[in-house]
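Please put together the full structure from these sequences, using the hints given.
Number of protein chains: 2
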Amino acid sequence: MPNPTAAMLVIGDEILSGRTRDANMHHLAGQLTDHGIDLKEVRVVSDDPAAIVAAVQALSATYDSVFTSGGIGPTHDDITADCIAAAFDTPIDIRDDARAILAEHYAKSGTDLNAARLRMARIPDGATLIENPVSAAPGFTLKNVHVMAGVPSVFQSMVASVLPTLTGGAPLISKTMRIERGEGDIAGPLGDIATAHPDLSIGSYPFQKDGRYGANVVIRGTSGAEVDAALTKLADHFPA
Amino acid sequence: MPNPTAAMLVIGDEILSGRTRDANMHHLAGQLTDHGIDLKEVRVVSDDPAAIVAAVQALSATYDSVFTSGGIGPTHDDITADCIAAAFDTPIDIRDDARAILAEHYAKSGTDLNAARLRMARIPDGATLIENPVSAAPGFTLKNVHVMAGVPSVFQSMVASVLPTLTGGAPLISKTMRIERGEGDIAGPLGDIATAHPDLSIGSYPFQKDGRYGANVVIRGTSGAEVDAALTKLADHFPA
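Chains as they are written, first to last, in the numbering used here: chain A, 1 to 240; chain B, 1 to 240.
One or more of the hints may lead you astray.
[Said to hold, decoys possible] If you want a taste of the chain A side facing chain B, the calculated C-beta under 8 Å gives, among others: (1) 19; (2) 75; (3) 117; (4) 184; (5) 206.
[As the list claims (entries may be wrong)] Label pairs and their calculated CB-CB ranges: (6) A:125 <-> B:237: 30 to 38 Å; (7) B:212 <-> A:112: 13 to 21 Å; (8) B:118 <-> A:199: 24 to 32 Å; (9) A:90 <-> B:225: 40 to 48 Å.
[Stated by the list, open to error] In silico DSSO-like pairs for lysine-lysine, Cα to Cα no more than 30 Å straight-line: (10) A:175 <-> A:233; (11) B:108 <-> A:209; (12) B:209 <-> A:108.
Just so you know, these hints were derived from the structure itself, not from any lab.
From the three backbone atoms N, C-alpha and C, an ideal C-beta is built for every residue, glycine too.
Encoded structure:
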């Protein structure tokens, strides 16, 4: 059976302007691979309601699950929750359980739970909350979309909250062989091995460092025996 | 007049599996911002012809220009050039000028220009070549799509070759103010300033480090005077 599929939607002008370098995509990609879920597509869109709604609808319809990152804080540019509600034509309002989480959190530090902070308790109808052990304000899951914060420490804690609730497939086994030959010399034999093993994903990633060059060939698959068989063929062609 | 728009398409299983952390998106985002071109969307797709073709067609139709990264080397998983040709229903074959570039490059090192390396001279009809000062094998531009290598040093050299050929708009002016207050306290006044300056893009990016917390508020716009006016209002609300 093929693995479940997933997509990620990164929301934020700060990534597209080059101000901030996204860290969440790389984290989620590794976590999903370990969990046996195939990340098939990532999109990054700006803080634009029409762009967010269209991307959520397209990705939610195409993949088994969608993970979003960013735009769920208290400021005017935090519009993700409203866009998710709009994407599924679902009402959204301040919810009591989310308000209670915020009230308890801010009471501890004597901070005022003002109107801006209360925006973080706006949750679409029918969603379940995602725990945020870092800074309390919850994420949420609506249908197959998991809505999480953009701050990397919070994003990572929310991924850890969500992943155990999802059914994974067989984790991908990945083995790498470093070959100090030009990619053009590796390409022929590697193509033959790829053709002989259609269930494997075989990639070649060239490197060039300190005057040495070659490629790291990565063989990935859910069957360890088949990965090893392909690796053995490769080693026969290119003895160390 | 609004700035020209752009999208980026990152092609590669290695990014989606979490093996490699993409570096090209952040580089291109900064370069386009400096050049007055608004990067509006990024997509990352796997080495899957149908996914690549669909993304190229969608992005090419929506934005003024598209930049792709990855999949133009000599190995079997390098399928970008064929997918670009398919996306525009254009024939593709080995082209003499691209072959000459490769022949000269490999002759210098006494390396055989074999069938695998010759694949890098496959260029869709009607494309113009993008110079690759790092490793010779050219990228190409077909219609509004610029096809570049995934290796960061090569990608960056190709971006430098392409950007001067594009018409940019007014570069974005960006000023940042660090405010050591909770985002929930900043949100109200900040929302008012954003409403009063609809031409500006105002973002709030929370931080928490070494026991201090607050937000970096970034004000972006093409009019330096308006950016400064909004910044002054913000400073009045939150004196250092």
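Now for the hints, and whether the structure bears them out:
Given the 8 Å rule on beta carbons, the hint for residue 19 (chain A) holds: about 6 Å separates it from the nearest Cβ of chain B. Taking 8 Å as the C-beta cut-off, the interface hint given for residue 75 (chain A) holds, the closest approach to chain B being about 4 Å. Of the supplied interface hints, the one on residue 117 (chain A) holds, with its beta-carbon coming within about 4 Å of a beta-carbon of chain B, less than 8 Å. Hint status for residue 184 (chain A): holds, given a least beta-carbon distance of 4 Å to chain B, under 8 Å.
For the restraint placing residue 206 (chain A) at the interface with chain B, the shortest Cβ-Cβ distance is roughly 6 Å, inside the 8 Å limit, so the hint holds. For residue 125 (chain A) paired with residue 237 (chain B), a C-beta distance near 35 Å keeps the hint of 30 to 38 Å intact. For the pair residue 212 (chain B) and residue 112 (chain A), the beta carbons lie near 19 Å from each other, so the given range of 13 to 21 Å is met. Between residue 118 (chain B) and residue 199 (chain A), the C-beta spacing of about 29 Å keeps the proposed range 24 to 32 Å intact.
Judged by the Cβ atoms, the range 40 to 48 Å given for residue 90 (chain A) and residue 225 (chain B) holds: they are separated by roughly 42 Å. The straight-line distance between the Cα atoms of residue 175 (chain A) and residue 233 (chain A) is roughly 13 Å, inside the 30 Å bound, and the hint therefore holds. Taking the CA atoms of residue 108 (chain B) and residue 209 (chain A), the gap is about 19 Å. The hint holds against a cut of 30 Å. Among the hinted pairs, residue 209 (chain B) with residue 108 (chain A) is consistent with the structure: their alpha-carbon atoms are about 19 Å apart, no more than 30 Å.
The earlier numbered hints are all upheld by this structure, with none contradicted.
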